[in-house]
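Undergrad: Residue numbers (my numbering), protein chains in the order written: chain A, 1 to 101; chain B, 1 to 170.
Don't take every hint at face value.
Unchecked claim - Rough simulated footprint, nothing fancy, chain B against chain A, three-plus residues with beta-carbon under 8 angstroms:
#	region
1	5 to 12
2	22 to 29
3	41 to 55
4	66 to 72
5	75 to 81
6	85 to 91
Stated by the list, open to error - What follows is a set of in silico ranges between Cβ atoms, one per label pair, in the way DEER data are often shown:
#	chain 1	residue 1	chain 2	residue 2	range
7	A	94	B	58	32 to 40 angstroms
8	B	73	A	56	41 to 49 angstroms
9	B	63	A	93	36 to 44 angstroms
10	B	58	A	98	24 to 32 angstroms
11	B	103	A	89	23 to 31 angstroms
12	A	66	B	117	23 to 31 angstroms
Treat the hints as calculated values from the structure; they're not laboratory data.
Idealized CB from N, CA, C, for every residue including glycine.
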Amino acid sequence: MANALIDFILVSVALLAIGIYGMAVKRNAIRMLFGIEMIVNSANLNLVAFSRYIPNSQGQTFALFSIAIAAAEVAVGLALVIVAYRMYRNIDIADFRSLKG
Amino acid sequence: MVDSVFLALSVLTIGSAIAALEIRSLIYGSIALMLTLSGVAGFFLLLDAPFVAMFQLSVYVGSIAVLILFTVMLVRRELIFNKVEDKRRRYAGIGLMIVLMLGIGTIIIGSGLKTMDTNSPAVDYKKIGEDFLTYYSPALIVMALILASSIIGAMTLARREDVIDGQRAD
Numbered sequence: 001m002a003n004a005l006i007d008f009i010l011v012s013v014a015l016l017a018i019g020i021y022g023m024a025v026k027r028n029a030i031r032m033l034f035g036i037e038m039i040v041n042s043a044n045l046n047l048v049a050f051s052r053y054i055p056n057s058q059g060q061t062f063a064l065f066s067i068a069i070a071a072a073e074v075a076v077g078l079a080l081v082i083v084a085y086r087m088y089r090n091i092d093i094a095d096f097r098s099l100k101g
Numbered sequence: 001m002v003d004s005v006f007l008a009l010s011v012l013t014i015g016s017a018i019a020a021l022e023i024r025s026l027i028y029g030s031i032a033l034m035l036t037l038s039g040v041a042g043f044f045l046l047l048d049a050p051f052v053a054m055f056q057l058s059v060y061v062g063s064i065a066v067l068i069l070f071t072v073m074l075v076r077r078e079l080i081f082n083k084v085e086d087k088r089r090r091y092a093g094i095g096l097m098i099v100l101m102l103g104i105g106t107i108i109i110g111s112g113l114k115t116m117d118t119n120s121p122a123v124d125y126k127k128i129g130e131d132f133l134t135y136y137s138p139a140l141i142v143m144a145l146i147l148a149s150s151i152i153g154a155m156t157l158a159r160r161e162d163v164i165d166g167q168r169a170d
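Work out the full structure: start from the sequences and follow the hints.
TA: Dropping the structure here:
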């Protein structure tokens, strides 16, 4: 193959680092969800890359499961953002300090 | 050596990932996130995994990105452009990102993965379908239940209890 396994893993590391940066710095709840999405995608890229180079179909199967679970997680996360926005009229996570109902 | 398609895809993915976090407007940010996810789908195509690539396109680009766009449109206009963040925290975050990239990068380059290459044919996607329906079928059912329950949970969370007959109580 033209591309080696290590190239894909380096791209995945870059995506992971950017996602962690977004999680650490951003105070906007939706932007933090972006960071989570990038981290999940870098993990999926790793799974598929290893499944191509080993080669074994289990990596792709796990990537499919992981994508489906991430979809569920984003649906719940966005619903939480909407509830918090309705409660505080803001999506800044510094305002979400009190978790009372 | 990498080819030009790989280079273009990695520039697109990394660049739009940075743009998704740094562009001022959240709407353009979510469109940039869409580009990132499509770039990852392109990597899946390069890795001879067309089934996962199409799944990624339909689930991430098709549904999650649209869901995020709708949520962004539900919040107030000035919040979409709001960018309150600590300067020192931001520099610390950039430093953390660079340290992570260089640290994990050098560890991976120094490991034995560098010599790993394959000439064997790609995994047939029919094998994945077979696996799903035979060995992984209990997991598939559990995944379907998780999806259903998470959607019910999201709907329950986002439901308004103060709306009665179309009139807001507040």
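Undergrad: Determine which of the earlier numbered hints do not hold for this structure and return their numbers in increasing order.
TA: Violated hints (numbers, rising): 9, 10, 11; every other hint is consistent with the structure.
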